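Letter by letter, the chains look like this.
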Amino acid sequence: MEDSKTTLLPDFLLDLSSESMRTINGGSFEPRELSTAEISLEEEIDEDPAINLKDTPMLSKPTPIPATLGNCSVVAVDVSSIRVGESEQGLLYSLRGALVWREGSSYNFTRCGPLTFHVNDAIARSLNKRSYAKEDLTYSAWSPMTERVLARLRNTLERWMQKIACSRFSKGIVLLDGSLTAGTPDNPTVYVEELLNRARENSNVVIAFSKETRLCYSGKRITRLLDEADPPCILDIDRLIAPQFPSTPVRLMGRVYVAKLAQISFPFRVDIDRQLPEESGIAAVGRLINSDLVEQGYPETLRLAHILSTFTANEVLAIQRHLSIEYGVRLAPRFSFRRSLFGPFGTSTEAS
Amino acid sequence: MKIYKKQGDTIQIICPPEEFVQKGDYLLIEDKKLRKGLIVQVVDIQFANLPGILEDILRDVMTEDSVQGCDYDPFRVSSQIEVLKDTRLLVCKIRGAIDDGRPRQDASWLPSRTASSIVPYPIERLASTKDGRRPVTLGRTRSDILTVDVKMLDGKLNIITGKKGVGKSHLSKLLVLSLVKNGAPCLILDINGEYVNIGRGKRNEPNPVAERIFVLTPGQNLRFSLAGVGLRAFLDTMIYALDLPRTSSKVFSRIWSELERSGNLNLNALNETIRRFGCHESVREAIYSRFNTLLDLELFTDDPSQAFDFSFFEKRMSEGSAFIINMKDEHSISRRLIVELFISKLTEQLSEMKLRAVFLFAEEAHFYLRETYWDDIVTRMRHLGVFTTFITNQPDTVQESVYRQADNIFMFNFTNEHDLDAVSKVAKIDAESLRLIVKDLPVHNCLVVGDIVRNFPVVVNVEPLNVQTMGQTRQFFQD
Chain A
7 MEDSKTTLLP DFLLDLSSES MRTINGGSFE PRELSTAEIS LEEEIDEDPA
57 INLKDTPMLS KPTPIPATLG NCSVVAVDVS SIRVGESEQG LLYSLRGALV
107 WREGSSYNFT RCGPLTFHVN DAIARSLNKR SYAKEDLTYS AWSPMTERVL
157 ARLRNTLERW MQKIACSRFS KGIVLLDGSL TAGTPDNPTV YVEELLNRAR
207 ENSNVVIAFS KETRLCYSGK RITRLLDEAD PPCILDIDRL IAPQFPSTPV
257 RLMGRVYVAK LAQISFPFRV DIDRQLPEES GIAAVGRLIN SDLVEQGYPE
307 TLRLAHILST FTANEVLAIQ RHLSIEYGVR LAPRFSFRRS LFGPFGTSTE
357 AS
Chain B
3 MKIYKKQGDT IQIICPPEEF VQKGDYLLIE DKKLRKGLIV QVVDIQFANL
53 PGILEDILRD VMTEDSVQGC DYDPFRVSSQ IEVLKDTRLL VCKIRGAIDD
103 GRPRQDASWL PSRTASSIVP YPIERLASTK DGRRPVTLGR TRSDILTVDV
153 KMLDGKLNII TGKKGVGKSH LSKLLVLSLV KNGAPCLILD INGEYVNIGR
203 GKRNEPNPVA ERIFVLTPGQ NLRFSLAGVG LRAFLDTMIY ALDLPRTSSK
253 VFSRIWSELE RSGNLNLNAL NETIRRFGCH ESVREAIYSR FNTLLDLELF
303 TDDPSQAFDF SFFEKRMSEG SAFIINMKDE HSISRRLIVE LFISKLTEQL
353 SEMKLRAVFL FAEEAHFYLR ETYWDDIVTR MRHLGVFTTF ITNQPDTVQE
403 SVYRQADNIF MFNFTNEHDL DAVSKVAKID AESLRLIVKD LPVHNCLVVG
453 DIVRNFPVVV NVEPLNVQTM GQTRQFFQD
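Which chain is which? The protein sequence lines are A and B, in order.
When we follow this note's numbering, the leftmost residue of the first sequence carries the number 7, and every step to the right adds one.
When we follow this note's numbering, the leftmost residue of the second sequence carries the number 3, and every step to the right adds one.
Any given hint could be a false lead.
As the list claims (entries may be wrong) - On the chain A side, residues computed to face chain B include the following (Cβ under 10 Å):
no., residue
1, Leu15
2, Phe18
3, Ser24
4, Arg28
5, Thr29
6, Lys67
7, Gly110
8, Phe115
9, Thr116
10, Cys118
11, Gly119
12, Leu121
13, Val196
14, Leu310
Derived by calculation from the structure, the hints in this document are not laboratory data.
Note that the structure is a prediction, hence the values are computed from the model and not measured.
Glycine included, every Cβ here is placed at the ideal spot set by N, Cα and C.
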């Protein structure tokens, strides 16, 4: 993997990063404020409302996951994004991806980035040109489009690295963070199809783990369905979900399950490549348990990918310093009406 | 470097890793607009507490052994992460200021946080006395040679302290040689026989002051005559070194005076007179037992050719010499007795103005100095002209009043908290600075505080000395 690490980042993303950052050259920029007490820097996107699945008495019982012999390679990909500051024309975001693989008992990783983007109209136009989606993005600062542009950038990097994982490994398990649902403008189906094809060509099985799910059944999160179940087990909920998306462009590229992989563990929503026979998919989960640590029910490889890609506050400071050295941006606190009018009483916790 | 915070006389400075700063270094915070500068000394170096640093390090710890890998960082941002991880926080104490080019000890203003420049400051500019008439190079600071005037030891009370083997005696020898070179009289109470070769170089060649150095070894070339010592000094010795009760001392005075009057003051006559003197049995017994102790130590003689000549001592001391009393292998009573005798005699000579002053170097003084002398040395004897330098590796044995009154303190490394507690009573520097700097001093480096460095505490790597090393612990294994 090390020899080919340059291919882990697509050239057009590198160019896009450089181009977008040139638009800020010499300008002023308000760095994101960081405090030593800050617990999480993760960009939490507002959660959509819950999707209630239709109650049906037909819900099957959890299937025990059969024990398997032999190990296989496990590879996981995760990408993180972080807001590092704000210019007069837009926002500054950084992305970083990590690819972690386990062979035998050792873990290895390649980490790519950070890549920083000046998210503004120019970058929205560049993304539109490349987009497979029909919908165009029009950027304006502080609009919901910011999230859309960021989601598209992040998705581009994530899918690229996932595709590489599916291509470079064979007869293994490729773990993704999130689901195998695609078809939104920022998460086009074509990318997911491509990576699943590559995986199948190389006899890999793609399994996606969602830490959060909006799916509810009988008023409870679907993960609660395995509260009483004996692990390792898996519950097929695919037939409950499919009717939820009858006429939307959104496609479920994976068969959806809830899985509990270890004693004293959390259940997770798990998506397995739909084109694989159901038994092969469940057997792949068995191979995963045999080939990786699944403390708390979550694969260690995927956990490491998350840890390695996540930004810390110190890294945000380093990126800010890099920007001021490399692009000559001046760090300047943004003028705040609230602060100006109310002084120390103009707190951020005050209702607008 | 940038100012981060100021609290009291402490200033915290953010320092990038490429700047090499050590504890004890001086910095100048220069505010060009105000044409003023603040002189600060680095007393501690910490890592800057940046947001997210704990997570960063936790991740490194979690992955460093179990996960192998590499980073592809096309824009080389990670170098900035390393810089931030190694960014340091310098805890500094304000030591003075420069106002329109003139140094001042007080600083009641603050430099600009944003517009000030912070640069290393060669403190020798302020602390040294290169233009003095009696210069001595104490050693090197990080920036330059530190030269001071030995006059700064004149009339002063000094302490040299530090744990074993860090270079206390070395510095003490340097001071003695500088004083003698400049014609000052020195008396060295040498408990380990470390100074006996101070007049000779490492190749045994005599140094320029060799002829002015006299080594006195008790029982060999140091024996006393009763007449030479005199009643007062002898009686002081009996009282303070041998605990002779006051009533008995009065009887002893009468015996001495009778023999002196009859011109028969010698050891045999004294012995006989004590035995047959008409007084209470218990008094006689008290005097006799102590006198016998004195005889057993063989420190006294009736032979004038063997007896120590105090007039010779006066003469040579007045010309500028060092007398070393080698008390190595001496019994504790013998040590106390010799010191008592010498100090008593010295006080007598100084009171009578036969001597102008004496620089007394006392190694591990608690072994031979009686309790009442500590206060005496700080007060009365100092006014008479005894300027003492205490050298010890047991700082708690030196009385607190000595620390409080000390004019110059030379502190070598201490790691033990109890020792640091003892030395932190020094009045010339705040306890926090002292503890933080002294704890990390390398061998042969000392923190100099006091008048000799114009009250700017300076860390000095003590000048090497071409003197034969003595006083090393005897060892069985020779390899």
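Hint check results:
{"no.": "1", "hint": "Leu15", "in the structure": "holds (7 Å)"}
{"no.": "2", "hint": "Phe18", "in the structure": "violated (13 Å)"}
{"no.": "3", "hint": "Ser24", "in the structure": "holds (8 Å)"}
{"no.": "4", "hint": "Arg28", "in the structure": "violated (13 Å)"}
{"no.": "5", "hint": "Thr29", "in the structure": "violated (16 Å)"}
{"no.": "6", "hint": "Lys67", "in the structure": "violated (38 Å)"}
{"no.": "7", "hint": "Gly110", "in the structure": "violated (12 Å)"}
{"no.": "8", "hint": "Phe115", "in the structure": "holds (3 Å)"}
{"no.": "9", "hint": "Thr116", "in the structure": "holds (6 Å)"}
{"no.": "10", "hint": "Cys118", "in the structure": "holds (5 Å)"}
{"no.": "11", "hint": "Gly119", "in the structure": "holds (7 Å)"}
{"no.": "12", "hint": "Leu121", "in the structure": "holds (7 Å)"}
{"no.": "13", "hint": "Val196", "in the structure": "violated (26 Å)"}
{"no.": "14", "hint": "Leu310", "in the structure": "holds (6 Å)"}
Checked against the numbered hints given earlier, this structure breaks hints 2, 4, 5, 6, 7, 13; the rest are met.
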